[in-house]
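Line by line, the protein sequences are chains A and B.
Using the numbering used here, you'd call the opening residue of the first sequence number 10 and step up by one each time.
Using the numbering used here, you'd call the opening residue of the second sequence number 7 and step up by one each time.
Quick caveat, the hints were computed from the structure, so don't treat them as lab data.
Do not rely on the hints blindly, as some may be mistaken.
As the list claims (entries may be wrong) - In silico DSSO-like cross-links for lysine-lysine, where the CA-CA straight-line distance does not exceed 30 angstroms:
#1 Lys171(B) with Lys207(A)
#2 Lys236(A) with Lys171(B)
#3 Lys223(A) with Lys83(A)
#4 Lys125(A) with Lys171(B)
#5 Lys25(A) with Lys171(B)
#6 Lys171(B) with Lys32(A)
#7 Lys171(B) with Lys223(A)
#8 Lys192(A) with Lys171(B)
#9 Lys130(A) with Lys171(B)
To be verified - Ranges between beta-carbon positions, derived for each pair:
#10 Leu262(B) with Pro132(A): 31 to 39 angstroms
#11 Glu167(B) with Tyr24(A): 39 to 47 angstroms
#12 Arg212(B) with Asn150(A): 31 to 39 angstroms
#13 Tyr24(A) with Arg212(B): 43 to 51 angstroms
#14 Arg26(A) with Pro11(B): 39 to 47 angstroms
#15 Leu39(B) with Arg26(A): 56 to 64 angstroms
#16 Thr68(A) with Leu117(B): 33 to 41 angstroms
#17 Glu163(B) with Ala89(A): 28 to 36 angstroms
These numbers were taken from a predicted model, which means no experiment stands behind them.
Glycine residues also receive a C-beta, built at the ideal position from the N, C-alpha and C atoms.
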Amino acid sequence: MTDRSLKIRGLVKEYKRGVPVLKGIDLDIAGDGITAIIGPSGTGKSTLIRCINRLVEPTSGQILFQGMDLAQLKGAELRAARRRIGMVFQEYNLVERLTVMENVLTGRLGYMTAFKAWLRKFPPSDIEEAYSLLDTVGLANFANQRADSLSGGQRQRVGIARAVMQHPEILLADEPTSSLDPKTSVEIMELMADLAGKRNIPVVVNIHNVELAKRFCGRMIGMTGGKVVFDGDPSALTDANLKEIYGGENWIE
Amino acid sequence: MTTLPRNPFPVNWPARFGWLALAAYVVWAAAQLDFTWSRFVSGLDNAQRFLSRMFPPNFSGDKWEMIVKGLTESLEIAIIASAIGIIIALPIGLMSARNLSPVWISWPARLVIALCRSFHPVIVAIIFVKAVGFGAIAGIGALVIASIGFISKLFAEAIEEISLKQVEAVRASGASFFNVLTYGVLPQVFGRFLGFCTYQLDSNLRNSTMVGIVGAGGVGGTLFAAFQRFDYDFVLAILISIISLIFAGEILSNILRAVFLDNKTISGWFGKGTSTTTVAKRGEEE
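So that you can see chain B by itself, here it is in the shape it has in the complex (with noise of 0.2 angstroms):
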């Protein structure tokens, strides 16, 4: 009897050819964008100058006012955003599934998502501070383009591998297209729906920074004045002012995953059944 050559772990000639390819383009590429050693090194000088100008960070009386205003209107604009794109994001979500929709629904809702995903928020800001002019409602309407992109793709992906056993059993009572949906999709996708949104928040907080650079609204237009007039301690006073922002943003959104995924039945929600007896399964949340 012929035995087969035996060898455990056969060698991935294919994959081993690509690693080496992609580490030799890496190599080609810094060299082509003068991406070496010696260039950080001369940077290095101009970067010292630029941190101690920042010490001590600015924060004086009008200062102050300056970034309470920008930074009230930053929160505005991201929490407003996220209220309309999670409205807006939860129809195109459900009719995006392929699983729920037929093809003649789902095809344009995806060209939808598509077309919200594939631009910088900071390129749809510019675009809507063409259309609208300068201020918060151009940063909110590229905002709530963001969201609509993010929540919706990840809700009909969401919804995609929910198990269609529950969904054919409230089909076989009878039920009605929109019961099966609150009765038997909802319920299996409503937890990771709200994870996205609380994600899209934290997101939308930290864009909303960023929008008023180009001219619409919030925190944002203030830092790029001060960059722009070397008014480096003031810069320094608006980042801190920001990082305090995201920080109170993440403890925000910990509390809303508290409150809403760990009484996850939508019953509870509408504060029915409170006495819910919850299987804690936190990890199949995120």
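The shape of chain A in the complex, shown without the other chains (with noise of 0.2 angstroms):
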């Protein structure tokens, strides 16, 4: 099995000149187990995750990911890179008037010729794929409806059948869960740890709920201000840890 491990180094990203919101991240993560990221808002977590899959340019550093630098990609080179890279969004992202069948087929785009993916030619097999991911997630009746008839959790979980699709070999999630209620955050996280874990993916995610995030990762880097200030075992994670990380204590039980 190929390397699935993420180096970043340096990394640094400024949205307006000389106001930096990365300052400077180093990172190793590891080709397996779920990494939780958490902070503040504000604090660069989204740029962070968005960076790896270039949906954010990068001003410097480099994130390097089975021999390549994904800072420095470009055109056919990077679309060939984002087809080993999952995503799942806070807000789900999917396209709200195709089928749910549509929008999970989309993680094989990559593959397609335009002609193709026009008229829908998608290879026999991965539509078998589709239907059973469909399955897996629970939504094996839904194939044919359209994306925007759907619940919140329901379109967390085409998401993320979307993302595992693209047969990822990292997937990247920004507060999946952020936008659902609590019950349903669970199933979601269990679902993505259950599908990554099976598929030896690695997992890096955004998340607000410490709680939610120390149940389900194997590590939490913790950030505040552009800058890792936590790095560790869920275990090792403190009270003053998390007063470092997001300020004041009076919100700390």
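Since each chain comes alone in its own frame, lean on the hints to assemble the complex.
So this is what it looks like as structure tokens:
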């Protein structure tokens, strides 16, 4: 199996010149397990995750994955790399007017020519896999429904199926549970952990719910002000660490 | 503690002054153009003679043939012009959407749209008549230009309002630009695009009956000739026929909307996914 670990070196992102959101991030993410990134809103967690698949352009630094520097890729090379990086979004980002099946198959678009994609000529094996994934996420009977007819939890299940459909070698999740109720949040995390575990896909997840992160993730990274301030085992995360990450202390029970 | 003076509905003096100025200008301009009641009354006399000569409308043999020939030509002009216009408007609209295209593509595309929209179809028809001669081809040319201008502009605006989150997700899968278009962009605007097209078909139908007046084919030429010969009963017959055609066109575009917009996914259009459960959002489409 190919090496699925990720190395980030000196990653800086400035949306405005001279105002860095990420101030030189160095991280090594192992090729398996779930890594949680926690931190207050606006601290650059989302930016960090989006730099990895280049939905956001890094200003400087390296993102090393399978011998490539993702930060330097362009055009076809970048698209080829993106095919191997799955992503799950906070607001699901399904294409509302496509059916559930079409949304799941979107995960294979990187392998389709424009003409075949337009005519929906997906290989039968992809379609078979999409049905079985929908079955796994509990939406077997929803394949032909439009995405905008689904509830939040159902949408996120489709979002996960779409990402897994890519056969990703790393899975990014940008606050996948922040728009969901507590029970559904747990179910979604269980689903991601289960699917990624069975396929040996390392997961990097931004998450606001510290308890949920501790429950599912093997490693916690705490960020504040565009820097990593905690990196370690969930059990090692103390109230003092949380105070440093989020500031203040009245909110800690 | 001092309190600020409280006024829940402060007067907007500049706006008030603006309305007043507008009203004053309308009154002044009307006086300039002899737009007065007495002028209207003195014209009524003429209208009475004109209207009385219109009745009964003349649908007799050879006249009816002329009407049918003219209307058929108008209908053909409208449908051909809409078809060509739609095909050209699709890429131009995509190119001029600023959230998809870089400036060096969107700017020229916008220029094309602005040029197409500069003139009324009748003026464009005159230009085409001078360039390619009398007949339906000039009318088709004029209405193609009008269709490109209208559909591309509204299509581009619709694209500029799409949700980029959906596009982002498709991009993240490693899809090529064209696949992002067909899966992330078009599904979001397809219903509205069809709405613009049926509206333009409707509008082309109306305009196709008019371009004939300048010699660009269709029933308009027949109508103009009848006016020139003071053949008012024939004029009324033509007008009634045009009204019927427009009504028929209205019904046709309603059917088109029902067929396309109630099953709005692109796959439905290709005969797949027919069991698509559609969430009726007609209001959103209009």
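30 angstroms limit on alpha-carbon distance, applied to hinted pair Lys25(A) and Lys171(B): holds, 22 angstroms
Satisfaction of hint between Lys83(A) and Lys223(A), Cα-Cα up to 30 angstroms: Distance ~37 angstroms between Lys223(A) and Lys83(A) Cα, so the pair is violated.
Range agreement (Cβ of Arg26(A) with Cβ of Leu39(B), hint 56 to 64 angstroms): 58 angstroms Cβ-Cβ, so the 56 to 64 angstroms window holds.
Satisfaction of the hinted span 39 to 47 angstroms by the C-beta atoms belonging to Glu167(B) and Tyr24(A): violated, 23 angstroms
Range hint 43 to 51 angstroms (beta carbons of Tyr24(A) and Arg212(B)) holds or violated: At 50 angstroms between Cβs, range holds.
Distance restraint hint 31 to 39 angstroms, applied to the beta-carbon atoms of Leu262(B) and Pro132(A): Holds: the Cβ-Cβ distance is about 34 angstroms, inside 31 to 39 angstroms.
Consistency of beta-carbon spacing, Leu117(B) to Thr68(A), with hint 33 to 41 angstroms: holds, 35 angstroms
Lys171(B) paired with Lys32(A) [C-alpha distance capped at 30 angstroms]: Within the cut-off at roughly 26 angstroms; holds.
Assessment of proposed distance window 31 to 39 angstroms (beta carbons of Arg212(B), Asn150(A)): With a Cβ separation near 47 angstroms, Arg212(B) and Asn150(A) fall outside 31 to 39 angstroms, so the hint is violated.
Proposed proximity, Lys171(B) with Lys130(A) (alpha carbon, max 30 angstroms): Satisfied, since the Cα-Cα distance of roughly 25 angstroms is no more than 30 angstroms.
Arg26(A) paired with Pro11(B), Cβ distance criterion 39 to 47 angstroms: Since the Cβ atoms of Arg26(A) and Pro11(B) sit about 44 angstroms apart, the hinted range of 39 to 47 angstroms holds.
Range hint compliance [Cβ, Glu163(B) to Ala89(A), 28 to 36 angstroms]: holds, 34 angstroms
When each numbered hint is compared with the structure, violations occur for hints 3, 11, 12.
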